[in-house]
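Line by line, the protein sequences are chains A and B. Going by numbering that gives the first Met the number 0, the letters in the first sequence line up with residues 0 to 645, in that order. Going by numbering that gives the first Met the number 0, the letters in the second sequence line up with residues 0 to 209, in that order.
Among the hints, a few may not be true.
Computed footprint of chain B on chain A; a stretch qualifies when at least three of its residues, placed anywhere within it, have a C-beta under 8 Å from a C-beta of chain B [claimed, not checked]:
1. 86-99
2. 120-133
3. 341-353
4. 414-426
Some chain B residues close to chain A (C-beta under 8 Å, calculated; not the full set) [what the hints assert, rightly or not]:
5. Pro-26
6. Lys-31
7. Phe-35
8. Thr-198
9. Val-204
10. Tyr-208
On the chain B side, residues computed to face chain A include the following (Cβ under 8 Å) [said to hold, decoys possible]:
11. Lys-22
12. Asn-25
13. Asn-29
14. Tyr-71
15. Met-133
16. Lys-138
17. Gly-164
18. Met-165
19. Phe-168
20. Phe-172
21. Ser-191
22. Gly-201
23. Lys-205
Hints listed in this document are in silico derivations from the structure and should not be mistaken for laboratory results. Using N, Cα and C, we set each Cβ at its ideal position, and we do this for glycine too.
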Amino acid sequence: MKKIFLACSLFLCTLAASNPVETGHARASLITNLQDSQQESFYVGVRLEMQEGWHTYWENPGDSGSPFEARWSVDQGVIVENVEWPTPVTIPYPPLMTFGYEGDVVFPFKVFRAIDSDLSSISLDFDFLICADICIPEKASLSLDLSSATPNSMVDAAIAKLPTNFLDTQSVVEGDNLKIRFNSPQSVTKAYFFPRQENLFAYTATQELVSLGDDAYELTVPMLNDEIAYFSGILRIDDSGFQIEEELGSAVGMSLWQAILFALIGGLILNLMPCVFPVISLKVLSFVSMGGDDNSKIRNHALSFVGGVMSTFLSIATALIIIRSTGSMIGWGYQLQSPVVVGILTLIMLGIGLVLLTNINFASGLTTIGSSVQSRNDYSGSFFTGVLAVVVASPCTAPFMGAAIGYALLQPSFATLPIFLALGLGFAGPYLLLALKPEWISALPKPGAWMETLKQFFAFPMIATALWLMWVFMVQTSGDALILLLILGLILGIAIWMIATFKGRWKWIGMLATLLAAVQIFNSLPENTNGLVADASAEQWSLTIESDLQAQNQAYLINFTAAWCITCQTNEKTAFARDKVKEYIKEQNITYIKADWTNRNEEIAIGLARYERTGIPLYIFWKPGMPRSRILPAVLTEDLLLNSIQ
Amino acid sequence: MKLYLTLITTCILATASYAANIKLQNPSVNAKAPNFTAVNSYGKTIKLSDLIGSPVILEWTNHECPYVFRHYNENNMQNVQKIARDAGVVWLSIISSTPGDQGHVSPDTANALTDSRGASPTHVLLDESGEVGMLYGAKTTPHMYMIDANGILRYKGAIDDIGRGMQFFDASFAEAKNYVSSQIDELLANQSLAINSTTAYGCSVKYKYD
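Could you build the full structure based on these sequences and the hints that come with them?
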């Protein structure tokens, strides 16, 4: 009974303003870091020295308790902001759990004042609940004369320890647990999540921390139920606190259906990407030449093409699943990280270019692209054009595709296949439509001599693609290796000429000689290096660069790119290389970082996986004040880029 | 022999981990209220299932807690009890404080407190072990639960909307929305309540825990 009266008398009595004040179980005082009378902003701290075994509470006190209440009296022209809460500690009171502070704690309040205002007294009524086993509401009326106050270093020490930095997290809900994934360059032994919202989490339950390898960690936070769309709070990692905040169910929680829809749209748009366009145009041309033909023939050609596309996507998906099962980090376009593959693609492009230009007709295979009248019944030609279209499409990522493929590759295998099939369906969509409605072909222009001219013209986009691939090849290897590739190109040219010119035995001898020469040269090609490709104009990327820069409050823009990614290269020219963009980045002191994935690099693959991506381009932007970094659009223009980072 | 040893060890470990795992349950509203048995301040065993047929209100209390103190000192809790009892509701005041801790009382003190404060609970239950409290997930004093005549839990949470924070000690009970007294009519109609779950505020329940 005595305790009640003690609590009560303390609560009811109003103390005269002074500094410090003994409140019963604590001593409260006002301190400041104000250095000189000209400062427009500074901090005032409420220092609470609690007796041993007593504690007070954080903004979310946990299962019981109450945060303090501060009522300021200030002169006109002075504004005191809300408290900046220090990182709390857990104060277990089994089976309950509370969050708060023990011992000697400083609560910093930021103060702004008009520069012409007088520096005078600042007063505070501070009501707080202080608890040991039992709880007592106590209060202090404090006053500080700012004109004569001496700066107290404890204020700056408290500010330095505030959890002001945001830490990027990728969280998932599994059953009744929230799994918070985060990265930390230092090894973590203890972590605890203090949730800001009430009624979402089971405070008493243990939060388990596991290391996911490298610098990734996962903290399991038991929830009261599985309904959660958003959370925010402080993540204490060993002795430092970080703000975390995450919306669940956006990019992270993309559903399978959404991923399939994205794949369909992405596949459709892929037709227009620069690396595919020439091959697709040839196919369209071949359909034009069929105008007036038997509908079933058109249908069969269209279906063969669709078959080629679908079976190639299926093969790629299968290959990816198999490679993934070995534990490798892989991504869309990853095959172009191998100079051998780039070399072969170069020769294919070059070969197609030569065939188109010289009007040579082959009996079957790849060369029936833009097929003439004779080979019209050869459906394998249409099939292989489908295959070829997908093969040349591999360096390209269309909008929507990145997110869908990222999802496909990070999900269990059963989700991978449908997404790749959807991608194929989207890609082959227009031809599938043609197969269903062959009569629509009459909407296309009438065939004629113009087709031969156009076909020859399409040799140039093919050769241009070959040139681009040669540059990729050179970046990956060396100038010497490029010369070898060019020699292979020459041999290919001779081979095509021989096949077209000679008949019978000579033709086969020519092909064999070419093949032997090719194998010989390919064997002498160097292995690709594993390093990062440096760029003088940009900062080097590293796995920890984001957390480092966020810790320094430094804005940054990351460009995940590769020489073989034509979308990336286009964006470089149309956005990043523009003077306006360069100037803005310099003006705003944004750190520009390039992660060049031209060569195989496991770290970059992990970096992409953090954003649930497996392919590029990927552009990341962050500036102080943003709770988390933002993913910019995959296809950029100068204006689009500037708008998204302003 | 080895098998027996293993079995015994397993049993001991299982018991140990069970003891360490005692935790608050979190009963769902609009579902059956968990049944319990407890002894009242007159030594009589009270069983929730025997009371069903009338609505039942559970009030977790601790007379030394400053929050509870203010609710009783200003007759706020007594008024709510009266409204509920007049409407035919069974009111159970439950003390889950463990012996030696704040709020734990002997049966006689419990009855003396009821008299001196002019309170009107149907029963004061002494839950020294904390079993009932943990079964309901009672965290604070006060912490309120409303169960309808069919035994369905209709409300869990705070007594009113004053909420956590030091403003409690200055706030007016008259101006606050009392979640219990304002929803008694709906409780009597065995309906789902407009507000059925809130965050309770107050002192921690002083559970036995070792």
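To see whether the hints hold, each was checked on the structure:
no.: 1; hint: 86-99; verdict: holds (count 5)
no.: 2; hint: 120-133; verdict: holds (count 6)
no.: 3; hint: 341-353; verdict: violated (count 0)
no.: 4; hint: 414-426; verdict: violated (count 0)
no.: 5; hint: Pro-26; verdict: 11 Å, violated
no.: 6; hint: Lys-31; verdict: 18 Å, violated
no.: 7; hint: Phe-35; verdict: 17 Å, violated
no.: 8; hint: Thr-198; verdict: 5 Å, holds
no.: 9; hint: Val-204; verdict: 7 Å, holds
no.: 10; hint: Tyr-208; verdict: 4 Å, holds
no.: 11; hint: Lys-22; verdict: 5 Å, holds
no.: 12; hint: Asn-25; verdict: 6 Å, holds
no.: 13; hint: Asn-29; verdict: 14 Å, violated
no.: 14; hint: Tyr-71; verdict: 10 Å, violated
no.: 15; hint: Met-133; verdict: 6 Å, holds
no.: 16; hint: Lys-138; verdict: 4 Å, holds
no.: 17; hint: Gly-164; verdict: 5 Å, holds
no.: 18; hint: Met-165; verdict: 4 Å, holds
no.: 19; hint: Phe-168; verdict: 5 Å, holds
no.: 20; hint: Phe-172; verdict: 16 Å, violated
no.: 21; hint: Ser-191; verdict: 18 Å, violated
no.: 22; hint: Gly-201; verdict: 6 Å, holds
no.: 23; hint: Lys-205; verdict: 7 Å, holds
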